[in-house]
Amino acid sequence: MKYSPKINEVLARSPKVAEVHPLQDVDTAQGALEIMYKLDTFLQEISGMKKFTMQPGGGSSAILAMASIIYAYHESRGEADKRDEIITTIFSHPSDAAAAAVKGYKVITLYQDEDGLPDVEALKKAVSERTAGLLITNPEDTGIFNPKIAEFVDVVHEAGGLCGYDQANANGILGITRANEAGFDLCFFNLHKTFSSPHGCGGPATGALGVTEELITYLPVPIVEFGGDRYYLSYNLLNTIGKVRAFYGVFPAVLRAYSWIMSLGAEGLKEAASVAVLNNNYILEKIKKIRGASAPYAKGRHRIEQVRYSWETLKEETGITTEDVTYRMADFGFHLWSSHHPFIVPEPFTIEPTESYSKDEIDEYLAGLEKIVGEAYEDPDRVKNAPYNSVVHKIDHSTLDDPEKWAITWRAYLKKHKKK
Amino acid sequence: MKKLGLIVNPIAGMGGRVGLKGTDGIDILEKAIKLGAKPQSQNRTIEALKELEPLKGEIKLITYHDKMGEEAANSCCFSPDVIGAITGQTTTASDTKRAAKEMLDSGVDLLLFAGGDGTARDIYNAVGDSMTVLGIPAGVKIHSAVYACNPKRAGELALLFLEEKAKNILEAEVMDIDEEDYRKGRLRAKLYGYLKIPFERRYLQRVKAGSPVSEQYSQEAIAHEITENMSDEYYYIVGPGTTTRAIMKKLNLEDTLLGIDLIHKKKLVGNDLNEEDLLKEIKGEKTKLIITPIGGQGYLFGRGNQQLSPEVIKHVGKDNIIIVATKHKINSLLGRPLLVDTGDGATDQLLNDYFRVITGYREAIIYKVTS
Numbered sequence: 038m039k040y041s042p043k044i045n046e047v048l049a050r051s052p053k054v055a056e057v058h059p060l061q062d063v064d065t066a067q068g069a070l071e072i073m074y075k076l077d078t079f080l081q082e083i084s085g086m087k088k089f090t091m092q093p094g095g096g097s098s099a100i101l102a103m104a105s106i107i108y109a110y111h112e113s114r115g116e117a118d119k120r121d122e123i124i125t126t127i128f129s130h131p132s133d134a135a136a137a138a139v140k141g142y143k144v145i146t147l148y149q150d151e152d153g154l155p156d157v158e159a160l161k162k163a164v165s166e167r168t169a170g171l172l173i174t175n176p177e178d179t180g181i182f183n184p185k186i187a188e189f190v191d192v193v194h195e196a197g198g199l200c201g202y203d204q205a206n207a208n209g210i211l212g213i214t215r216a217n218e219a220g221f222d223l224c225f226f227n228l229h230k231t232f233s234s235p236h237g238c239g240g241p242a243t244g245a246l247g248v249t250e251e252l253i254t255y256l257p258v259p260i261v262e263f264g265g266d267r268y269y270l271s272y273n274l275l276n277t278i279g280k281v282r283a284f285y286g287v288f289p290a291v292l293r294a295y296s297w298i299m300s301l302g303a304e305g306l307k308e309a310a311s312v313a314v315l316n317n318n319y320i321l322e323k324i325k326k327i328r329g330a331s332a333p334y335a336k337g338r339h340r341i342e343q344v345r346y347s348w349e350t351l352k353e354e355t356g357i358t359t360e361d362v363t364y365r366m367a368d369f370g371f372h373l374w375s376s377h378h379p380f381i382v383p384e385p386f387t388i389e390p391t392e393s394y395s396k397d398e399i400d401e402y403l404a405g406l407e408k409i410v411g412e413a414y415e416d417p418d419r420v421k422n423a424p425y426n427s428v429v430h431k432i433d434h435s436t437l438d439d440p441e442k443w444a445i446t447w448r449a450y451l452k453k454h455k456k457k
Numbered sequence: 277m278k279k280l281g282l283i284v285n286p287i288a289g290m291g292g293r294v295g296l297k298g299t300d301g302i303d304i305l306e307k308a309i310k311l312g313a314k315p316q317s318q319n320r321t322i323e324a325l326k327e328l329e330p331l332k333g334e335i336k337l338i339t340y341h342d343k344m345g346e347e348a349a350n351s352c353c354f355s356p357d358v359i360g361a362i363t364g365q366t367t368t369a370s371d372t373k374r375a376a377k378e379m380l381d382s383g384v385d386l387l388l389f390a391g392g393d394g395t396a397r398d399i400y401n402a403v404g405d406s407m408t409v410l411g412i413p414a415g416v417k418i419h420s421a422v423y424a425c426n427p428k429r430a431g432e433l434a435l436l437f438l439e440e441k442a443k444n445i446l447e448a449e450v451m452d453i454d455e456e457d458y459r460k461g462r463l464r465a466k467l468y469g470y471l472k473i474p475f476e477r478r479y480l481q482r483v484k485a486g487s488p489v490s491e492q493y494s495q496e497a498i499a500h501e502i503t504e505n506m507s508d509e510y511y512y513i514v515g516p517g518t519t520t521r522a523i524m525k526k527l528n529l530e531d532t533l534l535g536i537d538l539i540h541k542k543k544l545v546g547n548d549l550n551e552e553d554l555l556k557e558i559k560g561e562k563t564k565l566i567i568t569p570i571g572g573q574g575y576l577f578g579r580g581n582q583q584l585s586p587e588v589i590k591h592v593g594k595d596n597i598i599i600v601a602t603k604h605k606i607n608s609l610l611g612r613p614l615l616v617d618t619g620d621g622a623t624d625q626l627l628n629d630y631f632r633v634i635t636g637y638r639e640a641i642i643y644k645v646t647s
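Here the protein sequences come in this chain order: E and G. For what it's worth, my numbering labels the leading residue of the first sequence as 38, then goes sequentially. For what it's worth, my numbering labels the leading residue of the second sequence as 277, then goes sequentially.
These are computed hints drawn from the structure, not numbers from a lab. As the structure is a computational prediction, the values presented were derived from the model and not from experiment. Beta carbons: idealized from backbone N, C-alpha and C, even for Gly. Be a bit skeptical, because a hint or two may be false.
[Said to hold, decoys possible] Taking lysine-lysine pairs in the DSS-like style, the calculated list, with each CA pair at most 25 Å apart, reads:
| # | chain 1 | residue 1 | chain 2 | residue 2 |
| --- | --- | --- | --- | --- |
| 1 | E | Lys326 | E | Lys408 |
| 2 | G | Lys644 | G | Lys542 |
| 3 | G | Lys556 | G | Lys594 |
| 4 | G | Lys644 | E | Lys431 |
| 5 | E | Lys143 | G | Lys644 |
| 6 | E | Lys442 | G | Lys443 |
| 7 | G | Lys526 | E | Lys452 |
[Claimed, not checked] Some residues of chain G that are not near chain E, with every Cβ distance over 12 Å (derived):
| # | residue |
| --- | --- |
| 8 | Lys332 |
| 9 | Lys428 |
| 10 | Gln492 |
| 11 | Leu529 |
| 12 | Thr563 |
| 13 | Gln582 |
| 14 | Asp624 |
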C-alpha cells in the first residue's frame with residue numbers, strides 16, 4: 038500500500054476544495070479546472086497519450102469506458118457488429134475481462150507460457166476480423182514485464198483492433214516506459230494506486246483515462262479545455278461515448294494526485310518507481326529463502342513492482358494454505374492482500390511494497406511471514422485457527438460459488454429468482 | 277450413529293520400493309515379496325485412522341477381516357464390526373470388490389479405502405456412484421483423483437465429512453495406467469469412471485480442487501455457449517467426460533459418460549458408438565467434434581476415447597474440433613499443454629497447434645495442443 042501524504046488531506050479538506058459545487062459557474066471554479074487541466078497535461082507527459090478524462094470512478098470504470106470507446110470506434114466505421122471479441126491475458130487484471138464482458142464483448146484469454154508471459158503465437162491465433170481490441174496489463178500481476186508488448190500491439194492493430202493499456206498500477210514504470218511508445222491507443226491510471234490518493238476501499242476514486250489524438254473525439258464529456266485566459270468545460274466531441282459518471286470526476290482524488298506529482302517532479306516520479314522496484318526485489322530475495330514459499334516463473338530474473346508468490350510447498354508439507362497465512366498475519370497487525378485471481382499459481386500470495394516502506398518496515402513484515410511459517414511446521418493448528426486478535430473471524434466464501442446464493446443488485450436478485 | 281466403512285488393500289504399494297511399478301496380478305506380488313517388499317498400507321491406514329480418534333465411540337466402524345482392515349482398526353483401539361472372510365492366502369481384486377459391495381449393503385455413510393489406482397478401480401467396479409468414498413493413498417500408482425494428498429489428510433477429511441462439516445460431494449476421476457506398459461516404459465493413464473468423494477479444498481490432491489458447485493455452473497455455462505451456436509447443418513460427435521455431459525443434459529439427451537454420442541439437429545443419433553458406427557453415421561455429412569480433456573493430465577485424444585480414431589478426426593477436420601473445458605480444469609494443468617496421442621503420427625502432427633478452447637458463456641481461451 039502506498040503512503041498518502043497527510044498534507045494532501047489538509048489540502049483536500051480546505052473549504053476551497055470541499056465546498057466547490059459541480060453546478061457553480063465555471064468562471065468561479067477556475068482554480069479547480071486548472072488543477073484538472075494540468076493533471077491531464079502531466080498524465081499526457083507520463084503516458085504519451087494526447088488527452089485525459091478524470092471522469093471514470095476507478096479502475097474497472099475506466100476499463101468499461103475503454104471498452105465503450107473501442108465499441109464506438111468500430112461503430113463509427115460500421116464494424117461494431119462484426120467485431121465482437123476482446124482479447125486479454127490470464128495475468129492481466131481480471132477486470133479487463135469482466136468490463137469487456139459487461140460491454141457485451143466475447144472474451145478471449147491468452148494463457149502464460151513456461152516463463153509466465155503471455156504467448157505471442159497464441160495471440161496470432163486469437164486475432165481475426167472479429168477482433169475489437171486488446172485490453173492488457175503490463176507488467177502483469179506476476180510482476181513480469183512483457184518485453185514483446187509492442188509486438189502484441191502490432192498484431193492486434195494489423196487485425197484492425199484497438200489496444201487499451203491497463204496501467205492502473207504504474208508504480209514500477211513511471212518515467213521509464215510509456216504507453217505511447219508501445220503503440221497503445223488508450224490507457225488509464227488509477228490515481229489511488231499510482232499517484233497516492235488513498236484507496237478508500239471501493240470509495241470515490243479516479244481511473245484517469247487517456248487516448249491518442251485519433252480517439253479524443255470519443256472521450257466522455259465534458260473535457261476540461263484552456264482558452265488562453267480561461268479554463269472551460271467542452272461538450273463538443275463528435276463521437277463521445279457520453280457520460281460515464283456524474284459531473285466531472287472525484288475532485289479530491291484529482292487534487293491529491295496533482296499535489297503528489299507537483300511535490301515530486303519528473304525526477305521524483307522516476308525515483309519513486311526505482312525505489313518501488315528495489316523494495317520489491319529485496320522482498321523477492323528474502324521470500325525465496327522462506328521455507329515453503331516460492332516465486333514461480335522468471336527464474337533468476339528481477340521483477341517490476343510486485344510478485345505473485347506461491348505457498349504450494351507449505352500447503353503440501355503442512356496443510357497450511359494462503360488463506361490461513363492471511364488470517365494469521367492479521368494477528369500481527371499486517372495485511373496480506375487477499376485477491377490473487379484467477380488462481381493460476383497454486384496457493385498464491387501477492388506482495389507489492391511500493392516505494393513507501395523503509396527497510397525496517399519491510400523486514401518486520403517478512404518476520405511476520407517467517408514466524409507463521411515456523412508455526413505451520415511446528416504447530417499447524419495454531420495457524421489454522423487464526424485469527425485470534427480480530428473482531429471478525431472467518432467468513433465462509435463458499436456461497437460465492439453458487440450463483441443461486443448471490444446477486445450484485447436488488448434488481449438482479451429479482452430477475453434471478455423471477456420475482457416481479 | 278454414523279457408520280464408517282474401511283477396506284485396506286494389504287498388498288498395495290508393495291511393488292513401489294522394490295521397483296516393480298505396481299502390484300496388479302499375483303505373479304508380480306510373489307516377485308515383490310521375493311524382492312523383500314514390505315506392506316505399506318497398514319501403517320498408512322493407521323495414520324489416517326488416528327485423525328478419527330475424536331469420533332471414537334460416536335461412530336460405528338465396519339471393516340473386513342484381518343489385514344483388510346481389522347488389524348489396522350484394532351491397533352488404533354477402534355472396536356470394529358468385522359465382516360467377511362478372505363478365501364486365499366493373499367488378497368485379490370475380487371476380495372476388494374466383494375468387501376465394497378458388502379459395505380454398500382450395510383449402509384455405511386463413508387467408505388474409506390487404502391490402496392492405489394487398481395484398488396480405486398475395484399471399488400468403482402463394485403459400487404460405482406452409489407456411495408461416498410475416500411481413498412487413503414497407499415499404492416504405487418496414484419493417478420486417480422479419489423485420493424487425499426496423504427493419509428493424515430484423508431483422516432482429517434473423513435472426520436469433517438462424518439461431523440457434517442464438509443457437505444459437498446465431488447465426482448472424482450478413477451484413473452489407471454496399464455502396469456504392463458508402464459514396466460516397459462510407456463505411461464498411459466486411462467479414465468475408468470467417477471467415484472463420489474467428500475470435497476474440502478485443502479485436503480485433496482492439488483490438481484483436483486475445483487469446487488463441485490462452481491464446476492457445475494461452469495459446465496452449464498459452456499453448455500449454453502455450445503448449444504446456442506449449434507447449426508442444423510452439422511452432425512455433432514460428443515466425447516466423454518462430465519463437461520460434455522452437461523451439453524447433452526441441456527439438450528435433454530441421454531449421455532454416455534465414458535463413451536461417444538452422436539447428435540444431429542439437437543436430436544440423438546446414437547449413444548456409446550464405436551469407431552465403425554461413427555464413420556458409418558457421419559459418412560458424407562459435415563461433422564463437428566466436441567471434446568474435453570479427460571482425467572487430469574490434459575489428454576484430448578488417445579486416453580479412453582480411442583473410438584475417436586485418426587480416421588474420425590480426419591473426416592471431421594481440424595477446424596471443426598470444438599474443445600471445451602472449465603477454467604478450473606485448464607488451470608489445474610499448471611500451464612502444461614493439452615495432449616494428443618491418436619496412434620497416428622501424421623494426425624498428431626496436424627493437431628500440434630494453438631486451439632480455441634471454450635471455457636464459459638461467450639468466453640474462450642487460446643491454448644496449446646501438443647503430441
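Status of the hints after comparison with the structure:
For the hint pairing Lys326/E with Lys408/E, the CA-to-CA distance comes to about 13 Å; that is within 25 Å, so the pair holds. At most 25 Å may separate the alpha-carbon atoms for a hinted pair to count; Lys644/G and Lys542/G exceed this at roughly 30 Å. Our distance criterion of 25 Å between C-alpha atoms is met by Lys556/G and Lys594/G, whose separation comes to about 20 Å. Our distance criterion of 25 Å between C-alpha atoms is broken by Lys644/G and Lys431/E, whose separation comes to about 39 Å.
Restraint check for Lys143/E and Lys644/G: satisfied, since their Cα atoms lie roughly 20 Å apart, inside the 25 Å limit. This hinted pair checks out: Lys442/E and Lys443/G have alpha carbons roughly 16 Å apart, not beyond 25 Å. Straight-line distance between C-alpha atoms of Lys526/G and Lys452/E comes to about 21 Å, which keeps the hinted pair within the 25 Å bound. With a least CB separation of 19 Å from chain E, Lys332/G remains clear of the 12 Å interface cut-off, as annotated.
With a least CB separation of 8 Å from chain E, Lys428/G falls inside the 12 Å interface cut-off, contrary to its annotation. Its beta-carbon lying about 9 Å from the closest one in chain E, Gln492/G breaks the requirement of being farther than 12 Å from that chain. Every beta carbon of chain E lies more than 12 Å from that of Leu529/G, the smallest distance being close to 24 Å; the non-interface claim holds. Every CB of chain E is more than 12 Å from the CB of Thr563/G (nearest about 23 Å), matching its label as outside the interface.
Every beta carbon of chain E lies more than 12 Å from that of Gln582/G, the smallest distance being close to 28 Å; the non-interface claim holds. With a cut of 12 Å on Cβ distances, Asp624/G stays outside the contact zone with chain E, its closest approach being about 18 Å.
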